[in-house]
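J.: Given next are the chains, with one letter for each unit.
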Amino acid sequence: MDFSFTEEQNKFRQEVQNFLEEEVKKGYWEPACDAWVQGFDPGFTKRVAQRGWIGLTWPKEYGGERRSHVDRLILTEEMLRYGAPAACHWFGDRQVGGAILSFGSEELKKEFLPRIAKGEAYFGLGMSEPGAGSDLASLQTRAVEDGDYYVINGQKTWASCASFAQYFDVYARTDPEAPRHRGISEFIVDAKSPGLSRIPMTDITGTEAWNDVFFDNVRVHKRYLIGEKNRGFYQVLHQLDYERSGMERLMGNYPLFEAIIQFTKENKLSQEPVIRNKLAQLQIEFEVGRLLIYRVALVMEEGRAPNWESAMSKAYSTEFENRLASVAMEVLGPYGQLMSGSRLVPLRGMASHSYLGSKGYSLQAGTTEILKNILAVRGLGLPSS
Amino acid sequence: MKLTLTEEQEMLKRTARDFLADKCPKTFVKQMEEGETGYSRELWQEMAELGWMGLAFPEKYGGGDMNFLDLAVLLEEMGRACLPGPFFSTVILGGLLILDVGSEEQKQEYLPKLIRGEKIFTLALTEPGYRNYDASSVTVEATPDDGNYIINGTKLFVPDAHIADYLLCVARTRPENGITIFLANAKNPRINYTILKTIAGDKLCEVVFDQLPVPRANILGQLDQGWSAVQKIIERAVVGKCCEMVGNIQRVLEMTVDYAKERKQFDRPIGSFQVIQHYCADMATDVAGARFSTYQAAWMLSEGLPCTKEVAIAKAWIGEASQRVIALAHQIHGAIGVTIEHDLHFHTRRAKAAELAFGDANFYREVVAKEMGL
Numbered sequence: 001m002d003f004s005f006t007e008e009q010n011k012f013r014q015e016v017q018n019f020l021e022e023e024v025k026k027g028y029w030e031p032a033c034d035a036w037v038q039g040f041d042p043g044f045t046k047r048v049a050q051r052g053w054i055g056l057t058w059p060k061e062y063g064g065e066r067r068s069h070v071d072r073l074i075l076t077e078e079m080l081r082y083g084a085p086a087a088c089h090w091f092g093d094r095q096v097g098g099a100i101l102s103f104g105s106e107e108l109k110k111e112f113l114p115r116i117a118k119g120e121a122y123f124g125l126g127m128s129e130p131g132a133g134s135d136l137a138s139l140q141t142r143a144v145e146d147g148d149y150y151v152i153n154g155q156k157t158w159a160s161c162a163s164f165a166q167y168f169d170v171y172a173r174t175d176p177e178a179p180r181h182r183g184i185s186e187f188i189v190d191a192k193s194p195g196l197s198r199i200p201m202t203d204i205t206g207t208e209a210w211n212d213v214f215f216d217n218v219r220v221h222k223r224y225l226i227g228e229k230n231r232g233f234y235q236v237l238h239q240l241d242y243e244r245s246g247m248e249r250l251m252g253n254y255p256l257f258e259a260i261i262q263f264t265k266e267n268k269l270s271q272e273p274v275i276r277n278k279l280a281q282l283q284i285e286f287e288v289g290r291l292l293i294y295r296v297a298l299v300m301e302e303g304r305a306p307n308w309e310s311a312m313s314k315a316y317s318t319e320f321e322n323r324l325a326s327v328a329m330e331v332l333g334p335y336g337q338l339m340s341g342s343r344l345v346p347l348r349g350m351a352s353h354s355y356l357g358s359k360g361y362s363l364q365a366g367t368t369e370i371l372k373n374i375l376a377v378r379g380l381g382l383p384s385s
Numbered sequence: 001m002k003l004t005l006t007e008e009q010e011m012l013k014r015t016a017r018d019f020l021a022d023k024c025p026k027t028f029v030k031q032m033e034e035g036e037t038g039y040s041r042e043l044w045q046e047m048a049e050l051g052w053m054g055l056a057f058p059e060k061y062g063g064g065d066m067n068f069l070d071l072a073v074l075l076e077e078m079g080r081a082c083l084p085g086p087f088f089s090t091v092i093l094g095g096l097l098i099l100d101v102g103s104e105e106q107k108q109e110y111l112p113k114l115i116r117g118e119k120i121f122t123l124a125l126t127e128p129g130y131r132n133y134d135a136s137s138v139t140v141e142a143t144p145d146d147g148n149y150i151i152n153g154t155k156l157f158v159p160d161a162h163i164a165d166y167l168l169c170v171a172r173t174r175p176e177n178g179i180t181i182f183l184a185n186a187k188n189p190r191i192n193y194t195i196l197k198t199i200a201g202d203k204l205c206e207v208v209f210d211q212l213p214v215p216r217a218n219i220l221g222q223l224d225q226g227w228s229a230v231q232k233i234i235e236r237a238v239v240g241k242c243c244e245m246v247g248n249i250q251r252v253l254e255m256t257v258d259y260a261k262e263r264k265q266f267d268r269p270i271g272s273f274q275v276i277q278h279y280c281a282d283m284a285t286d287v288a289g290a291r292f293s294t295y296q297a298a299w300m301l302s303e304g305l306p307c308t309k310e311v312a313i314a315k316a317w318i319g320e321a322s323q324r325v326i327a328l329a330h331q332i333h334g335a336i337g338v339t340i341e342h343d344l345h346f347h348t349r350r351a352k353a354a355e356l357a358f359g360d361a362n363f364y365r366e367v368v369a370k371e372m373g374l
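So the protein lines, in turn, are chains L and U.
Quick note on the numbering used here: the first sequence kicks off at 1 and runs consecutively.
Quick note on the numbering used here: the second sequence kicks off at 1 and runs consecutively.
Just chain L, same shape as in the assembly (with noise of 0.2 angstroms):
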């Protein structure tokens, strides 16, 4: 066993802190709660990019370093802390490329890899359907073979990121005979696409969070097929462990944790044993959920795609961000309720809206409880219920 990291890496963390404190010295952005999936930046993005970081750990010969999953841990774990808006190469960069590096042809890879390392294509997700949360298998939308082409009908919901997105990375059903989990394929869809429509959808915090997005007779050319048809669902299960694997889970209103510990210090709320033990406990508790994220981080450098490890990390880290956001607002008293913008908001209100917004942080990418099954059955081996 060994818990340090090499001379290297920690060179490259600072390398990496130094930049984002530049960043933010030069005024460029302001670290925010949940800037990875909120915070669009294309300059920001752009400026990653021409560090090499983006797709880190990817091949060279389409844009990567080639670098360890543990490297790119350390990455977007000071990305998180600097609370960077990173939200325009975030999915891209997880998992999208990610599954085309895996699944797609040589032809995609070389399409898009390049283009997402360089942070000139941005992705976002069709997964869920109004239909399909949990149950992902039961998706409807629909794609049907015309000449060179699929034609897609149907409805997505909860994308992330898909105002900004130039692409989607869509599941759809191709054999409707086929029993629900054969019948499914994976493709990559132009967002201008004549056809593709998107309407806003506003969360509890009153931030523009997620789009629909409509499909209406959207043509997409059969290169764009990721990977062998109708083995669309098997893949989006290799891609969800690595959209579950990462530090954003745990990290997500990490730029809260840091202040509501300064607030406690400079208020001298610090000096109450409840407050105190509190705010130990949460500290305990990020820093087992940082070693299991790393654990997760080693079993993707074995090669090995991480399934329950990853459903583990993401259902107790989100846990985490959960209790942070409450005890936040507990330490704050009344002034918690206050939002940003608010005259007197402590925090600039970031308080409030991570409270609001942890509701959200046990759903998204496998619910709690889905995850929790995941753990039983293919991390124990308990039967299928």
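For the record, the hints were derived by calculation from the structure and aren't laboratory data.
Check each hint, because a few of them may be wrong.
As the list claims (entries may be wrong) - Think about it this way: if two alpha-carbon atoms lie no more than 30 angstroms apart in a straight line, the pair counts; the simulated DSSO-like pairs of lysine-lysine are:
| hint | chain 1 | residue 1 | chain 2 | residue 2 |
| --- | --- | --- | --- | --- |
| 1 | U | Lys2 | L | Lys11 |
| 2 | U | Lys23 | U | Lys119 |
| 3 | U | Lys370 | L | Lys11 |
Just so we're clear, the structure is a prediction, and the values are computed from it rather than from any experiment.
Could you slot chain U onto chain L? The hints should help.
T.: Structure of chain U alone, referenced to chain L:
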């Protein structure tokens, strides 16, 4: 970063697991709990022959020259098997402390006997009313008298004192800031032992020193300067205890998952019910968190890195996580799990005792709070 064991450690783990499965079944544990001494001399000797007592001591004293992380692996297996006896007191509380602060002469004198399994050691630290593991709570006094010190007072919850050959007694030698560690012959008639009846069925003693003379030469480390050594040993004892707890709850998780697969109600295994699956998932998560945080602390100790915060995190986490794991294990086992015939209670009772040992979660949360600068 690497979270897996080395090949050697895996081998040690397998050897220990097989040996203890054979030599330390629950029938044996029960027998030891009921017996007066609480351990088997024969098994003790076999463990010594396997090199377990000497594992983490230098070769020149007859040890195996391995490190604290290797010892952690062994302790985990001992916790898994609920091994009764004075291994923890002798090796961690006694041996490592002698290795830390003993003179070369003292090490030569005591460590080889300890490693060969000939002598049993323990640490007399806590006292009535003692809660905070700080120097100011030590009231047992040692006063100089010719070439001796005379020790008076009562120590409490001293593990295995009744069978120990040597007691390392932490005593006050100056009213303020003066703590000294004495190595006392435990068989001296001026020491009285009462074995306490404990939840874990282990042998914790009340130890009364009645004018016990200890030669000045038996001071371990420096006069009045003993507290930092005590702190250092508490740190390792905490992590060692965490390792035992990891083994304990790992076994509880496995027993529970196995039971959930086998036990049928409503014509199906109860493990196919989602609520039981989620309980098991929660247990597995708690165990994983306990494992990584404990081994992180053990690794840091092994590397000689400062780790006050990591040690506190490990103990605070496992103290509460183990209670959650045990509670769910009982809920899933149903009534059979609360019978004395079933093995689960061995784990339940030990987990509670271990949670209380060397400070509970509240205690260590305060340590973490200080480390956070609160």
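J.: So which hints don't hold here, by number, going up?
T.: none
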